[in-house]
Amino acid sequence: MPYFYILSFSLLLYGVVRISYSIWWKPKWLERQLKQQGIRGTPYKLLVGDIPELVKQMKAAWSKPISLHHNIVPRISPFSLNNVQKYGKISMFWPGKTPRLIIKDPEMMKEVLSNKQGHFGKPPLNTLVLILTRGLTTLEGETWTKRRRVLNPAFHTQKIKGMIPGFSISCNLMIERWKKMTSDNETGELDIWPELQKLTADIILRAAFGSSYEEGKKMSGLQKELITLVIEAMQTIYIPGFRCTSYQFSNNSIKNRNSKLSFYRFLPTKNNPKRNKLVKEITSIMKDLIQRRQNAIRSEQSKVDDILSLLLQRTEENSMTQNTNGTKSAEITIEEVTMILYEVLRLYPPAIAIYICIPTSRPRLETSPSQQEFDLNLPILLIHHDPKLWGDDAEEFKPERFSEGVSNASKDQLAFFPFGWGPN
Numbered sequence: 001m002p003y004f005y006i007l008s009f010s011l012l013l014y015g016v017v018r019i020s021y022s023i024w025w026k027p028k029w030l031e032r033q034l035k036q037q038g039i040r041g042t043p044y045k046l047l048v049g050d051i052p053e054l055v056k057q058m059k060a061a062w063s064k065p066i067s068l069h070h071n072i073v074p075r076i077s078p079f080s081l082n083n084v085q086k087y088g089k090i091s092m093f094w095p096g097k098t099p100r101l102i103i104k105d106p107e108m109m110k111e112v113l114s115n116k117q118g119h120f121g122k123p124p125l126n127t128l129v130l131i132l133t134r135g136l137t138t139l140e141g142e143t144w145t146k147r148r149r150v151l152n153p154a155f156h157t158q159k160i161k162g163m164i165p166g167f168s169i170s171c172n173l174m175i176e177r178w179k180k181m182t183s184d185n186e187t188g189e190l191d192i193w194p195e196l197q198k199l200t201a202d203i204i205l206r207a208a209f210g211s212s213y214e215e216g217k218k219m220s221g222l223q224k225e226l227i228t229l230v231i232e233a234m235q236t237i238y239i240p241g242f243r244c245t246s247y248q249f250s251n252n253s254i255k256n257r258n259s260k261l262s263f264y265r266f267l268p269t270k271n272n273p274k275r276n277k278l279v280k281e282i283t284s285i286m287k288d289l290i291q292r293r294q295n296a297i298r299s300e301q302s303k304v305d306d307i308l309s310l311l312l313q314r315t316e317e318n319s320m321t322q323n324t325n326g327t328k329s330a331e332i333t334i335e336e337v338t339m340i341l342y343e344v345l346r347l348y349p350p351a352i353a354i355y356i357c358i359p360t361s362r363p364r365l366e367t368s369p370s371q372q373e374f375d376l377n378l379p380i381l382l383i384h385h386d387p388k389l390w391g392d393d394a395e396e397f398k399p400e401r402f403s404e405g406v407s408n409a410s411k412d413q414l415a416f417f418p419f420g421w422g423p424n
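Number 256 in full-length UniProt numbering belongs to position 256 of the sequence shown; there are no gaps in the numbering.
Worth flagging that the hints you see were computed from the coordinates, not collected in a lab. Incorrect hints may appear among the rest.
As the list claims (entries may be wrong) - Computed cross-link-like contacts, BS3-like style, restricted to lysine-lysine with a CA-CA straight-line distance of at most 30 Å:
id, residue 1, residue 2
1, Lys224, Lys59
2, Lys224, Lys274
3, Lys28, Lys64
4, Lys86, Lys64
5, Lys224, Lys198
Make the full structure from the sequences, and use the hints.
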């Protein structure tokens with residue numbers, strides 16, 4: 001019996017030491033190491049880190065009405081903005097027990113994003129998210145390279161131009177719908193958000209599958225339901241070891257991607273059967289759509305004028321060398337449209353920040369400790385709105401700043417990252 005008590009006490013002590021090391025000693029040691037390298041930031045707080053303060057600042061920012069200007073940084077990313085202003089362009093904060101470095105330096109951002117040796121990885125996804133997406137933005141390494149090579153021809157300038165008539169149809173349908181909604185009154189109020197959602201869905205369906213929004217309404221509706229259920233599930237307790245189903249599209253079928261599917265999706269929860277049913281329905285629709293399009297291409301009954309057809313036809317790489325001369329309009333030139341799009345992407349980038357995970361075996365970044373036990377935050381939005389890089393008119397909508405190209409639009413040639421950079 002004494003041996004049993006001694007063993008039990010030893011195991012308990014070992015567990016306490018391990019937990020204490022993980023949630024307190026190690027984070028505090030990392031904090032000291034980073035400070036010795038000259039990297040300042042918020043002090044570590046047990047377990048929760050800066051999450052409460054981050055939520056508090058977001059709530060405060062969103063509680064105020066949005067003003068009609070382009071200075072959206074204080075509203076969209078108040079915590080990162082305050083952290084950089086207080087501690088410098090390379091600073092740290094704690095989203096938990098692992099420190100995260102904010103790198104607001106274009107040169108270092110490019111070094112991280114263009115690294116092809118796998119030293120900087122993408123953050124792991126919640127297993128529930130894999131139900132919704134396993135696209136190019138979540139892939140890395142050879143898989144990313146292969147998929148990117150397949151997709152590139154479909155997004156060539158000439159291919160995009162061929163889709164413009166479809167875009168025009170979608171816009172005209174929306175305008176006609178607005179006219180009908182306001183036909184009885186000279187003035188009226190219109191909620192633009194759901195209208196833009198419909199327009200986006202319509203354009204995506206036409207460009208990707210060559211089908212109208214009405215034809216794809218069922219699949220879009222099912223996806224919306226699935227997103228709602230997944231978000232609800234993500235807000236509940238996740239049991240480690242129970243994985244979800246994710247799917248991989250192939251030419252002939254949609255295959256189960258995860259061969260170690262545990263039992264999570266079979267647990268008798270309220271929403272699991274609903275999620276599984278929606279996934280099966282969406283999968284069935286997609287398989288049927290792909291099969292019908294393949295048959296049409298083989299029998300030469302389908303034009304190769306949408307992304308799905310281009311991918312199924314396996315367009316050769318030499319298609320990227322086609323003529324790219326644009327036609328000019330009497331009112332606005334292609335160059336001016338490009339400048340406007342660049343300026344919109346600068347002020348309102350698709351991703352406000354990129355989060356990078358550093359694997360166990362990785363290189364040593366300058367200004368970082370030799371034992372790199374942290375993640376990286378690359379604040380694209382802050383870079384795009386920085387007066388030091390874009391001038392005093394950084395918060396103004398001025399497409400003409402791109403008149404001499406992207407590299408000459410700012411004081412730093414690497415200050416424009418609307419879609420990230422390189423394989424990351």
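Checklist entry - Of the hints given before, which are not true for this structure? => result 3
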